[in-house]
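Colleague: Got chain X; can you put chain H with the ligands on it based on the hints?
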Amino acid sequence: MMKILVTVKEVAEVEDDFEIDGLGIDEAYLEYDLNEWDDYAVEEAVQIAEAGDDVEVVSVTIGPERSEETIRMALAKGADRAIRVWDDAFESVDLLDVAAKTRLLAAVVEKEDPDLVLTGVQAADDGFGATGVSVADEVGFEWAAVVNELDLDADGGVANVRRELEGGVEELTEVDLPAVLTIQTGINEPRYASLRGIRQAQRKEIAPMSLDDLGFDASALDSPIALTGMSEPESESDATLFEGDAEETAAQLAEVLREKGVGAQ
Amino acid sequence: MTVLAIADHRRGSLRDVSYELVSAGRQLADATGGDLHVAVISGNVEEFGEKLNLTGVDTVHTVENGEEFNHDVYAGAVEALYDEVDPTVLLMPNSVNGLDYAPAVANALDLPLVSDAVDFSYDGGLTAIREMYGSKVETTIEVDAERVAVTIRGGEWPAVADTGDAEISAFDYSPDGDLGSRVLGFEEVAGGDVDITDADVLVSVGRGIEEEENLELVEELADALGATLSSSRPIVDAGWLPPNRQVGQSGKVVTPDIYLAVGISGAVQHVAGMKGADTIIAINTDPNAPIFDIADYGIVGDLFEVVPELIEQFE
Ligand SMILES: Cc1cc2nc3c(=O)[nH]c(=O)nc-3n(C[C@H](O)[C@H](O)[C@H](O)COP(=O)(O)OP(=O)(O)OC[C@H]3O[C@@H](n4cnc5c(N)ncnc54)[C@H](O)[C@@H]3O)c2cc1C
Ligand SMILES: Nc1ncnc2c1ncn2[C@@H]1O[C@H](COP(=O)(O)O)[C@@H](O)[C@H]1O
Numbered sequence: 001m002m003k004i005l006v007t008v009k010e011v012a013e014v015e016d017d018f019e020i021d022g023l024g025i026d027e028a029y030l031e032y033d034l035n036e037w038d039d040y041a042v043e044e045a046v047q048i049a050e051a052g053d054d055v056e057v058v059s060v061t062i063g064p065e066r067s068e069e070t071i072r073m074a075l076a077k078g079a080d081r082a083i084r085v086w087d088d089a090f091e092s093v094d095l096l097d098v099a100a101k102t103r104l105l106a107a108v109v110e111k112e113d114p115d116l117v118l119t120g121v122q123a124a125d126d127g128f129g130a131t132g133v134s135v136a137d138e139v140g141f142e143w144a145a146v147v148n149e150l151d152l153d154a155d156g157g158v159a160n161v162r163r164e165l166e167g168g169v170e171e172l173t174e175v176d177l178p179a180v181l182t183i184q185t186g187i188n189e190p191r192y193a194s195l196r197g198i199r200q201a202q203r204k205e206i207a208p209m210s211l212d213d214l215g216f217d218a219s220a221l222d223s224p225i226a227l228t229g230m231s232e233p234e235s236e237s238d239a240t241l242f243e244g245d246a247e248e249t250a251a252q253l254a255e256v257l258r259e260k261g262v263g264a265q
Numbered sequence: 001m002t003v004l005a006i007a008d009h010r011r012g013s014l015r016d017v018s019y020e021l022v023s024a025g026r027q028l029a030d031a032t033g034g035d036l037h038v039a040v041i042s043g044n045v046e047e048f049g050e051k052l053n054l055t056g057v058d059t060v061h062t063v064e065n066g067e068e069f070n071h072d073v074y075a076g077a078v079e080a081l082y083d084e085v086d087p088t089v090l091l092m093p094n095s096v097n098g099l100d101y102a103p104a105v106a107n108a109l110d111l112p113l114v115s116d117a118v119d120f121s122y123d124g125g126l127t128a129i130r131e132m133y134g135s136k137v138e139t140t141i142e143v144d145a146e147r148v149a150v151t152i153r154g155g156e157w158p159a160v161a162d163t164g165d166a167e168i169s170a171f172d173y174s175p176d177g178d179l180g181s182r183v184l185g186f187e188e189v190a191g192g193d194v195d196i197t198d199a200d201v202l203v204s205v206g207r208g209i210e211e212e213e214n215l216e217l218v219e220e221l222a223d224a225l226g227a228t229l230s231s232s233r234p235i236v237d238a239g240w241l242p243p244n245r246q247v248g249q250s251g252k253v254v255t256p257d258i259y260l261a262v263g264i265s266g267a268v269q270h271v272a273g274m275k276g277a278d279t280i281i282a283i284n285t286d287p288n289a290p291i292f293d294i295a296d297y298g299i300v301g302d303l304f305e306v307v308p309e310l311i312e313q314f315e
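Going line by line, the protein sequences match chains X and H.
Using my numbering, you'd call the opening residue of the first sequence number 1 and step up by one each time.
Using my numbering, you'd call the opening residue of the second sequence number 1 and step up by one each time.
The hints are simulated quantities; they were obtained by calculation from the structure and are not laboratory data.
Given the structure is predicted, the values throughout are model-derived calculations rather than measurements.
Among the hints, a few may not be true.
Said to hold, decoys possible - Cut-off 25 Å, straight-line C-alpha distance, at most; resulting in silico cross-link-like pairs (PhoX-like, lysine-lysine):
1) H:Lys275 <-> H:Lys252
2) H:Lys275 <-> X:Lys260
3) X:Lys260 <-> X:Lys111
4) X:Lys3 <-> X:Lys111
5) X:Lys3 <-> X:Lys204
6) H:Lys252 <-> X:Lys260
This is chain X alone, in the form it adopts within the complex:
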């Protein structure tokens, strides 16, 4: 029996035109989706489960009730069950920092006692790129960040991974289990949830967990890191923007390109 815990986050995507309301983006301009990196992490876990026997995949999220829809996507793609950590105390928190997420997710790891934890490299919204490795340190697991290939040798107690470095170089590393791996996009081809999967997901369990259930009180969310401002970056653009309809703008661009010798044979 092997257990894989996958952390998944519902992230907000911002529409092209948006407005900032205080310390956040006005809800009207946000759409929610499963974090891209976590989609790959779920797929990786499900593929491992499909290839072996007796592998359980549990997904965990810290998120409000709304995020259950997103969590169901992980279930529809093949996760066996889900845990959702939330509490009224979260409502008054502007930014859940890495240390707070680490505390909470580490408590879940300790409860579930998985052999492998998969997270995404980063959350597309706040993008700390830090939660997985931080959790690994907290629970005393080994880890590897930015993994784009995973070959699990559960009997040998190791995972052979490729870490994607800068400039098209990959590092081949052997990591002792249990481990936390942060998964990079492109490691696999995430599936679309099938209709059958979606139907089955309706019957799967999303277990709620409060701070109390994890052995904490509201002080677990205290953080020395405060979000104190949000603004649209001042455009540093000195681009010449062509005006007009598609035909007109294309013609102006074509002129610039021709001046630069493009297309001249």
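Modeller: Same frame as chain X, now just chain H with the ligands:
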């Protein structure tokens, strides 16, 4: 206030961000008239130590231990150095290797972590600027703690190049017990049919293209312009183009005369691979897309309308 910055190196060379960490570190140390310590761990530390003897650096600590990065060695060494140097701010790079040890170190030392900072200041406490939502907004982060760990984004601080008069001192560290992870080797991603770094003109396609079938449209444009086709990462992740076409941090760094970005938002990791192009042109429906910040020319418009017109212009 003392600042401790950890250099980044790989396969025999210091990475650019190491020199940027020196100016970022100096900026903070200056704010309080403190010292800047720089540490380099593993590899040819003697050579690296000399190179890191830069203006503004007070002490360089060299930690000899193996050739390449290993996060268990880094985490242990940085924690030991932290105890020795007693810094107020621990600065690390937001590189792929930084992602692999900085969060563990911050957690082990119980330091609040601000990752991927693009700017900061210090006035009794650290205030940092970081981006969110794929660079669509900028946030201010204030840290109400005596000490803090920060990772900096590459390319945001100037690189320091001038030699200084730092003390270079060897720091003794060896990990206790077996390491839980072992680096077995490296591999370059396969070359393939085309070398996009050779092209004078690149037509580069991003997620705005939506479907694999639509790639034909940009292929046609590349043909009409006599250009080579490249792409952002999601196109390669989806398997629509091979890895040797990917521009960016983990793909190729290209410096063509003309880079035409079609349906690419301009995420930092993409820009890292193409900001050196002579002329950057963007076609994007989103006027706020960060690609326009570095573009010389742009069309705010739908690629499915603009690209066919552009093809027509060259037929
Ligand atoms: C460690 C790491 C390494 C990475 N390495 C790389 C790398 O090497 N290269 C890379 O590219 N990325 C890399 N990334 C990913 C990067 O963060 C972005 O996710 C990626 O660059 C986004 O690609 P995109 O711009 O094509 O897609 P998106 O960000 O989704 O942008 C699509 C754009 O298309 C526009 N658009 C949509 N429809 C239309 C239309 N009809 N007409 C015109 N425009 C339209 C949208 O407005 C949007 O701006 C890396 C990430 C990490 C964490
Ligand atoms: N609120 C959350 N709930 C569950 N997992 C999370 C949450 N935030 C971050 N993670 C996980 O940690 C990864 C990295 O996130 P971050 O460090 O915030 O960039 C994500 O891809 C998720 O897998």
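Colleague: Next step is simple, just say for each hint if it's right about the structure.
Modeller: Status of each hint after checking the structure:
{"no.": "1", "hint": "H:Lys275 <-> H:Lys252", "verdict": "12 Å, holds"}
{"no.": "2", "hint": "H:Lys275 <-> X:Lys260", "verdict": "18 Å, holds"}
{"no.": "3", "hint": "X:Lys260 <-> X:Lys111", "verdict": "63 Å, violated"}
{"no.": "4", "hint": "X:Lys3 <-> X:Lys111", "verdict": "12 Å, holds"}
{"no.": "5", "hint": "X:Lys3 <-> X:Lys204", "verdict": "17 Å, holds"}
{"no.": "6", "hint": "H:Lys252 <-> X:Lys260", "verdict": "24 Å, holds"}
Checked against the numbered hints given earlier, the structure breaks only hint 3 and satisfies all the rest.
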